Structures are given as C-alpha cells and as structure tokens.
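Start from chain A and add chains B, C and D according to the hints.
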Amino acid sequence: MGEQFVLLISAAIFCVGTAGFVIRKNPLIMFMSVELMLNSVNFLLVTYSSFLNSLDGQIFALMIMAVAAAEVVVGLAIILTIFRTRHDMDVDHIDVLKG
Amino acid sequence: MLEIATVFDFTRDAVIFAVGVTAVLASLGVILCSSPIYSALYLIGHMICLALLFLLYNAEFLAVVQIIVYAGAVMILFLFIIALLGGKKEVQENSFHRSIAITFVFILLGELCLSATVGPTKQVQGEIPADLFGTAKAIGLELFSKHLVAFELASGLLLVAAVGVICLAKFSFAPLRRRVR
Amino acid sequence: MLSLIIFIPLIAALGLLMVSRENTAMVKMVGVGASGASLALSLWLLFSFDTANAEMQFVQMFHWVPALHINYLLGVDGISLWMVVLTAFLGLIAVLFSFTQKEGLRNFVALMLALEAGTLGVFLALDTILFYVFWELMLVPTYFLIGVWGEGRRVYATMKFVIYTLAGSLLMLVAILSLTMVHYGATHDVTFDLRVLTQTHIDPATQMWMFFFFFVAFAIKVPVFPLHSWLPHTYVACPIPALILLTGAMSKTGAYGFLRFCLPLFPEAVESFATVIGLLAATGMVYGAWIAIAQKDLKALVAYSSISHLGFIVIGIFAHNGTGIEGSVLQMVNHGIIASALFLIVAFIELRMGTRNLDELQGLSKAMPVLYGSFMLITLAALGLPGLNGFVGEFMILMGVWTSSMFSGLSGLLVLMGGLSIVFASIYMLYMFQGSMQESPDNLPDGLTDIDRCEFKLILPACLLIILIGLYPKPFIDRITPSVDSLLHLEKTVNLHSGEESHH
Amino acid sequence: MFASSWLILFFPLLGFIGLSWYGNRLSKKLAGLIGCGTVGASFFMTLVTLSNLLFLPAEERVGQVQTLYQWMSAGSFKLNLAILVDPLSVFMFLIVTGVGFVIHVYSVGYMHDDPEYSRFFSYLNLFIFSMLLLVAAADFFFLIVGWALVGLASYLLIGFWREKTSAVLAARKAFVMNVIGDVGMVIAAFAIFESFGTLNFVDVFAAAPGMFRPNDDTVLLITLLLLVGAFAKSAQLPLHTWLPDAMEGPTPVSALIHAATMVTAGVYLVARCHVLYELAPYTMYFIAGVGILTAVFAGSMALVQYDIKRVIAYSTMSQLGYMFLAVGIGVYSLGMFHLMTHAFFKALLFLAAGSVIHSLDGEQDIRKMGGLQRVMPLTHATFLIGALALAGFPLTSGYFSKEAIILSSYHAEMGNFVFWAIAVLTAGMTAFYIFRVYFYTFVGGLRSPGAHPHESPMIMVVPLAVLAVLALLGGLLGPWVDSFLSPVFGRVVEHHHDGALETIALVAGIGGIATAGLLYMVSKDRMDLIKEAMAPIYDLLFHKYYVDEIYDFLIVSPTKAIGAFLEQKAEREGIDFVVDEVGLQVKEVSRGISLWQSGKVRTYALNMIVGMVTILLFVVFM
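Protein chains in written order, with this note's numbering: chain A, 356 to 454; chain B, -17 to 163; chain C, 27 to 530; chain D, -1 to 620.
Rather than coming from a laboratory, the hints here were simulated on the basis of the structure.
The structure presented is a predicted model; accordingly, all values stated were derived computationally and were not measured.
Heads up, some of the hints might be wrong.
When the alpha-carbon atoms are kept at most 30 angstroms apart in a straight line, the in silico DSSO-like pairs for lysine-lysine are as follows [unchecked claim]: (1) D:Lys598 / A:Lys380; (2) C:Lys392 / D:Lys542; (3) B:Lys152 / A:Lys453; (4) D:Lys162 / C:Lys392; (5) D:Lys598 / B:Lys152; (6) C:Lys392 / D:Lys27; (7) C:Lys392 / D:Lys558; (8) D:Lys567 / C:Lys322; (9) D:Lys558 / C:Lys322; (10) A:Lys380 / B:Lys152; (11) D:Lys529 / D:Lys542; (12) C:Lys483 / D:Lys26; (13) A:Lys453 / D:Lys27; (14) C:Lys500 / C:Lys392; (15) C:Lys322 / D:Lys162; (16) A:Lys453 / D:Lys585.
Below, a sample of chain A positions facing chain D; criterion: calculated Cβ distance under 10 angstroms [said to hold, decoys possible]: (17) Phe376; (18) Ile378; (19) Lys380; (20) Arg439; (21) Val446; (22) Asp447; (23) Ile449; (24) Val451.
Glycine is no exception: its CB is placed at the ideal position from the N, C-alpha and C atoms.
Just chain A, with the same shape it has in the complex (with noise of 0.2 angstroms):
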C-alpha cells in the first residue's frame, strides 16, 4: 500500500485518540487514548522511515516509545496518588489548577 493509505491510517487513529482524549471522563482511558496518538505517530515515522530508505525514523520511533514507557508510568503513578487521596475517578472534578 502507498503513502496515502498510511497516511489516512494514522490520521484516523490519531483523530480516534484524540476524540477519545477529549470525550472521556475516566483518567485511564484518556491515557489509553494518549497512547494511541503516540502510537499513530509511531506508526508514521515507521513507514516513512521504510519510504524513504532512512533509519532516522525508526530511531526517533524507539525513543518514542521510550518517552512513552516512561509517561505512562509516571502518568499511571500521579492518577494512583490522586485517587489514594480524592477516591474520585472523574477528571472533571480535578480542576485545584482553576483560576
């Protein structure tokens, strides 16, 4: 398959997670849809790199995934400390940053 195909392929998850960021309350599944928009970038730089006939873009991919390894274990560890002390799931109530 082409560009174009990869192209709609990672536009349409990207969009997809970015829905998903947008429209859901529960912190978990926001990160999840984080993840999906890292991954659809992933997934660009990927074929592109196979495109294009350089390696640069895998690099970039693996660090990618290194960054992402590592937000979400942080990111997974901040959701847990708020819910040790809020015991509420909806981030909609989190808003201690309101002006």
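Frame of chain A; chains B, C and D shown alone:
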C-alpha cells in the same frame, strides 16, 4: 524498501489494508467502551495490529519492541492499575462539550486527510544496505553512533521516571484542598 | 581606570555577602573603603581630565558580545565627569550615613554599593546596551533598599517605582535596538557605540517616536511633571541613606540621558517637542513647589521641592543653548548636593525628635546651634539665594530659556513660571526652616543634643561646596563647556545620502 | 589707583566670617570691637577712595572698573567679579559705611544685654558687606547678588529674636517680598543680556542710547522689571507691606537697614540705570506717580499709628516716595541728596526712638510714654532735631532736600501741579505725625507708672549726637552733592526759585507742626471729637487701608488653598489615582482572563485541538 512501494503485490497490500483497518477499529473500541478493562484489551489488540504493520514495513526490531514494551509492559501496568482502582463504568452524557469536541475532531480528521493528499513528498536516498534495513543490528549501529546522545538522554529520562514514580507512590499526601484566594 | 571606579563598589558589594552578618566593623570598613576608593579615583579623574578636550576621554573598550558588536565601552566627558564625581561623593556620604541603620547592616551597605556602582555605570557607559544594563542594575538595589528597609507604604511605593521605571526603560530598549537597526540600514554595520550612532542621520519621522521612547524613559527617572507620581511615595518610603543616592545621583541619570541621547541623536525631534517639554517642565516646577507649600512632612516637602528643582534642570536642557545646558549640568550637581544635604538634616532631626511633622517641631535652634547654621545655609542655597550655588544654576538656566529659540515665543512665560517657582521655593523652604528651627523652644524634650562631630563631618562638605560653587563657579563650568559646545554643534555625517535614497 | 577699593568690601566680609565662626568664643567687648572696627576700617578706605577720586579732574571721574577675577564663562555668557568706582558708588559707600559705623557703635550699647551679641554683629557686618556689594557692583549680576544678600541680611536681622513668633513671621514676609523683587530683577537682567549681550553697566549704558528709541517695548520691559525689584526693596506700593512688620527687629537694625541704607537701594538702582530710564519716559512717569502715591499713602497711615517705630517706618516709606518722585522726574542728584539727608535724620530718629524704647524696657506704644524730656534730655534734643529735619523745618537738612524736590516736582521738565500738590500735602502730614509722636513721647507727664526711664549710656548718646549734627547741617552739602554726582548723571540740576511755591510748602510743614501741637498739647479733648467725626477714615488709616487683609484674602489664602487643593485633588485623586487605576485595571483584566483557567484537563485539551485545527486551516488552505 523502494521496490516494495512500487512493485504491485496484492497479497501484501491486502494484508496491510486489513491490519490497518483492524487497528483503526480497535482504537475506536478503546474509546467507545465504557469499562476501562475492555478499553485496555482493545488497546492491546491495537498494539498488536501496529506491531504487525511495523513488520510489514520492514521494522522487525520495532515490531518486537512494540510487543514487548507496549503490549507487554505498559499494558500490564494499565491492567494492574485498573485492577487496583476498580474498573468503574463511567456515565456518558451528551453534553455541549462532547458535541463540540466531536465536531472539531472530525474537522481535524478532514484536514489531516486533505494534507495527506497534498502531493508526493520528496524522496531521500538512504545509505543503509537494503538487507540490513530495520534489523536490530542496523538500528543498533545507528543508535550507538549517530544518536548516542539521544539514547543516553532517553535512558536518563527513564531513570528519572523510575525515581519519580517511587517518590509519587511511596509517600502519602494530605488531601488536596481548594486554593483559598 | 573608569572600570575601577565602577567595579570597586560592585565587587565590594558582592564581597560583603561573604562577610559575617555580625562583623559590623568589617562591613563598615569594606563599605567605606570601597566608596572612598571610588571617590578617590573619581577625584583623580577630575584632576587629570583634559579641560580643553571635548572628546570622550579615558575610553576603555573590550568586546563583550562579539557576535552582535556589543562592547564594554566606557568614557567620560565634561558632562559625565561631574556626574561621576557627584555620585562617588554622595556614595561615600550615603554609605557613611547608612551605618546608623540598625538591622541588616551588611546587606544594606552591599546594596548601597551596588546602587552606587549602577549609577556610576550609567554615567560612564558609551555603549547603548551597556548603558541599558547599568540602567536596570540601578533598579535592583533600589527595589530591595526601599522594599526591605523602607517605612510607611513601602511595598506600594516600591512596586510603583519599579513598574514605572521598567515601563520607561523597556520603551528605551526598543528605541536602542531600532537605533542600531537604522544605523545598520544606512551602513550595513552593526554597532552600539554611541559615538558612532550620534553621527547617523535618522529621518525625522523615525526620530519622533524614537525620541518619544527615550524621552519617556528619562522623563520617568527625572521625573518630568505628569510622570512624577512615583516620586513622593518612593521618597517618603525610602530610608534616608538610600535616598541620598536616589535623589542626589539617580534622579540625575534621567537628565543625563536627555543630554547624552535625546539631544545629540534626535535634533529635529527635540526641536519640535521642545515647547511641549518646556511647558511640562515649567508646570512641574510650579506644581511641585505649590504642593510643597502645603506639606507638613519634612521628607515629603523636600520630595516635592525636588520635583520643582528637577523641572529647572529639564527646562535648561531643552533650552538647547550653551548657557542653559551648562546651567543644567551645574544645577544637577547643585541639586545633588543640596537635596541630599536637606535629607541628611531631616534625618538628623528625625533621629532626635522622632518625628518629621512640622506641626510637632518648633524652636530647635536653641538646642542645636550647629545644625541651625548648616540648615540655614542649605535652605538658602535651596531657595536660590544669589551668592550660593543654587542661584548660579538657576540663573544660567533661566537665562538660557530666555534667550532660547526652542520655545516658540513662550520663553517669557516659561521664565515667569520659573520665577514663580523661585518665589514659592522661598516660601516653603522658609516654612520648613523657620517652622522647625525657630519660634519658642519651650516644648523641647530634655537631653536634646546638637549634631555630633561625625554628623557634622557628613554635612560639612556639602556646605563647603555650596559656598565654593556659589563664589567661584568658573572651574566647574569650564570643564563642562567644551563638551556642551560639541554637543550643540554635532553634525550628522554618516550616510546622509543613503538615508535620503531610502525615501525613493 | 582704586585697586585698594576692594578693601572696602573686604573688611565687613572678614568681620562677618570671623564673627560667625568664632563668635561664641569671643568676649562681648572683642566682638563689638571687631564688628565696629571692620566697618570703621571700611569707612576709612572709603574716605581714601573719595580723596583719590577728588584728585581726579571732574571729567575723568566716570566708571573705573576694578576686576578681581573671571567669575564664570558659559556659552556666550561671561562674567567678571568686578566693582565700579565712580562718584555715585563712592557717594553710597560714604553713606553706608558712615551711617553704618555710627549705628554699629550705637548697637554696642543697645544690644549689650543680648546673649547673642556676636551673632548680631556678624549679621550687621554681613549686611554692610552686601550693601557695599550692591552699590559697588559693576554689572547687573552682582547687583542682583548684593540685592539678594541685603535681603538675606535684612531677613536675618528682622528675625534676630528667633524665638518671637511675630519676628519670625515678619522676617519671612520681608524675605518673600524681596524674592519677588529679585525675580523681577533677574528677568530684567535676562532681557538686558538678550538686548546688549552683556550685563556690564558701562557697556550697557554706552550702548543703550544708540539701540533704543524712547519708549521702545524692550526698554519699557527692562525698566519696569527693574522697578519690581526697586519697589520691593524700597517698600513702594504695592510691595510695601513688609516694611512696617520689619520693625520686629532690634532698633539699630531698623535704623540701619529699614531707614538709612537698604530701603534706598531702589532709588540707587533707578539713579544707576538712569540712562535706561531716560529712554523710557513712560516708566519715569510711573515711578514718579508711584512715588508720590506711596508718599501720601504711607504718610496718612502714619497719622494714626501708636507704635513709635511703626510711625517712623511709615515715614520712611513716605520719604522714599519723595526720593522716587525725585528720580522719576529726572532730578537724580536731588533724589540722592534727599537719600543722604534722610539717612541722617531717619537713622537719628530711629536711634533716638531706640534709646527711648531701651530706657522703657522695650515699650513701643507712644500712649504709654510721655514727659521724657526731663529724664532723657540728650535723647530728647536729638529726637527733636531729627523731627524738625523730617518735618522740613527751615535750615535743617530735610528742609533743603525736601523743599528742592517739592519745587522740582512742579518746575522740572516732567513735573506738574498734581505732583506738587500731593507732595505739599504729604509734607504737611509728615510734620503733623512726627510731632504727634514727639509730643506724645517727650512732652507732658509720665504715662507709664511702672517704668523707670533713664538716660542711655554714652556709647548710645554719642552716635545720636553725631547724627544730630549731620541732620542739622547736612543740608549745606546740597550743592556739593549735585556737582559731585554730575559726572554720573551728565548734568547739574537747575535750581528754580519760586517764592510762592516755597512759601506754601514751608507753611504746610510748619502748619503740620502747629496742628500737632494744638491737638496734642493744648486741647486734648478735641482729639476724641475729631476721631469720632472721622471714624471711617480713622479706621481705614488705623488698619493700614486693610492692605494686609486684602493680600491675605487675595494672595496668601488662595495660594495655600490651591496648594492643598493640588495635593489632594490633582496629586492624590488626579495623577496618582490615574496611575494606580491603570495598575488596578490591569489586575482586574488579568483576573478575568484567569477564569479561562478552568482547571479541567479536557477543556484544555479541547482548546488545544481548536487551536490546532485553526492553525491547520491556515496551513492547508493558504
């Protein structure tokens, strides 16, 4: 590889198409399920699809990493947390916010698709031998020569993340109170 | 040499932070040593200064940011010479007087030294960026000096002062950068060297807004009439030692900026704005004096009188002729001496009586004859008595205004306003002097003592200078004259043609 | 030849510095000696200079400028510290140092009990120095310097008793009034510099006739501005209110400054600048008019006052009016002559009054005096001589000078009948009020039972005697003054003889004396009747035409009120408020913006998406 993109190969295209569509559907599953546990399972499916796609696009090493890191480590972590916090179903209401969000996401999708049709990108001649492309060796060579600093930084990042998590999880916090003006 | 004058106090300020808080003897020694060394060097500068030479002297240059051609460039001419000497002189007095500070002496002295260094830097810098750096450097110590050691509504005053000054100086930064851009457009040569930039031809429309930006920055610092509202609050809140530097030296940076930047860089703009500025300055003169009449707080009274006197300096500068500008420079020195001496006296009175309110003071002369004498001398100088220094400056300024061609027929009015403010000056200064010193001494507290030897030594140099400048101003003015002449006859030679071509 | 003339100024300055620095450590005797000695030395130097000048032929006696050093040079403005020695300045030197010396000697006795004896003498010396600087100045700048310094000395001496509130207020009033005059002079100096490019008397007066036509705007402006200073210093209308109040100072001060020397500076100034004034005949008329008005105005106020010093002070104003009348109608040397005789007899009157006050322990109200001729015969005699001279009694000095002015006010080129009539009226008033004081004070019985009047010590009486001799015989110097000053004024005053006018003036003077004698000696009960009959006028005069109240109402109170108003409304609620409000509004707006910070993660995300979509719209479609 260049030939792969140009030579017509029906079987491979069909597989890519099928796996790609499955990945999209799985991702839809992630966000539409009301229970986090199902979402997590759909996400695992999505990850595997992507790993397959990686394989199909000559990225064996990344495919493996995808399975191990994402579908393995990360998702297991998710499942643990879900198990810990309880997979409560959330109540979805059709709010103004929701409709706006969906509208904008669709516009975004449209725009992305439009930008995908902008035209052929300029091709760059790679310098890696074809037979080595995407293998762990190639990645390794690349990673430990050209991107050494980034690699080390990534390792530092992971270390920091590990320390941070320990800090976050170990100490208990007083309940947060609303800021008083 | 010039670097030493600036950096001895600055390094001493940093060094003081390593001295133990309790070691006041050491703190005093370092403070006096640094400001004294600075004064000694500036006096040496004064005597080795070539009077006939109008160029910048003792120029020092290092590359600072070579990529942008920003240089560390110092120099001194007849105008800045006196400002440097004045600042160093007041610096020593202020540091000496700050030893009366009870709390946080070490930090106080360090900040005073930093303030002195910043002010000296402003007067010596010839590179616009360096000038800007020192300009902002003055602000930081002032912020802490007022905010931490101040009195009354000190936080409000500090905020007001800092925001006011910053607003002006940011405008100035914009103008500084665009000035270099204009020069670059004409010569394809990046420079922040003021001596080069003054030669650049700038087309009049550009001059207008650049002048306006510079003007606002300096006018706030002076301050010129409608921009003065930070001054009373700040002066009333400011601890007196810092106030000596603030009023004596720092308020002169604005006027110095007019001379160093506005006049040589934007002659056309100066010409078209001079009438307005003259009116503003004259209004400020009368306004400040008029409000001073209604004051009861000695510090506030001197603060408002400063607004009035600084108006004289500004109007003299914008008279744009030799007499006026030289009078202004001389008056800057005079006001530095007089105002700081007045504040010293206010401090002496407050130390003894615990109040600065005129209604509660009466008949102090009985117990304090020495203070009475010096207070009288300084009062007379402040109200411009001929034969003392204040009159020389004011006479020359008003003479410059009268003969100036800048004020489009309003010279007479401006001089009349100046005359009115002199009359008012005599009223409020006599209110202040007679109200506190004379009349019945019946209600004096027991054990009231005259100023001691140390305090007398602080005030004595000011008294001597007041008389000296009044009797023989020639040596002071002689050093100013060549620089002012060259300032007035500056020619815009750099790329006049390319400047014109750009219109086509 | 006149190189040593500097010493005239130098001695009093030395005395001032020495006394003010070491004053407290000196014994009273030494301080008095220094105070008098310096002025005496100065007087001696004046005599030397005078003899030098008299040795010169008359046509060479013009404008010898002695330069000390270059004072400054700024732009086109160059100035030397220099003195001008010519007949006019030497004439003034003579009066200042001569009368000054006598009064110094008198002060030794008068101030003997004052704790701040040496401070008094240091101020007196400062005054002498400043006055000498004023008359010696060779240019307008140092004229102004001297002008302001005598103002300062006057301020210091009026407020000498600094613990007395009224003295402090009077000093402040005098100073502020004089500053107003100074400002006028300063502006005049600017105008002169603008027209002539120099401030030198010699150069200005040489260039002026060729530069202006009569009554040019500029020359009118210059002369009028100079007049502001002259009127303020010489207490002419409307700047006169400080002079009566200035009597708060010690009496020798009143004699020296507010009668004999400083207040005549205005006359000196007009005489000095006569070249300019002759180019401005309008201003001359103005001067003469203001002079004669002040004369009658002050004379009428003096009619009803009870403070002995105030009566003499108003009399001073009135006599200064005569002098201005004289210089206003162009008979300068007559003005200077009257200045001289006035210095003699007015100083005498003040000192005699001081002697009375001294012996009555500070009592100044003439209603509480009386019958002093018996206990103070010498003071009485000298006062009588002074009063006769002031009243213009024939053959006293005042007779010669005043009569000449009154005559000239009709006969001179610019004179007219109105001037003459008012001058005669004033002469009558003068005679009346001074003899009213005389009769109150010296004749009749003692009206203050508690007091023990006694004759003053010799050190006070001898100066009185010296001045009495001068007041009696000074009139003989008239022709000499005229010819001595003629090189300066360029001409000799022509003498008129008009029997009728002279007689009328004489009769007015003697009639005034007679009326006073009649009212206060012979029929005291009529006085109350007259008082009642003329009650409104009496009130008006007694309250000094309410000028102080009018000034207070029109100028002083509004000034203070506007000051307070500006502080409250313009400063606090105007500029300050606006500035603060800018800050507060910024704060308010930012608080409003901060509400966008909802704290909801999903809203932030949505905002990001909206932003991204918008940016992509640009990227894709543009």
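Looking back at the hints listed earlier, which ones does the structure fail to meet? As far as the earlier hints go, 2, 13, 14 and 20 are violated by this structure, in ascending order.
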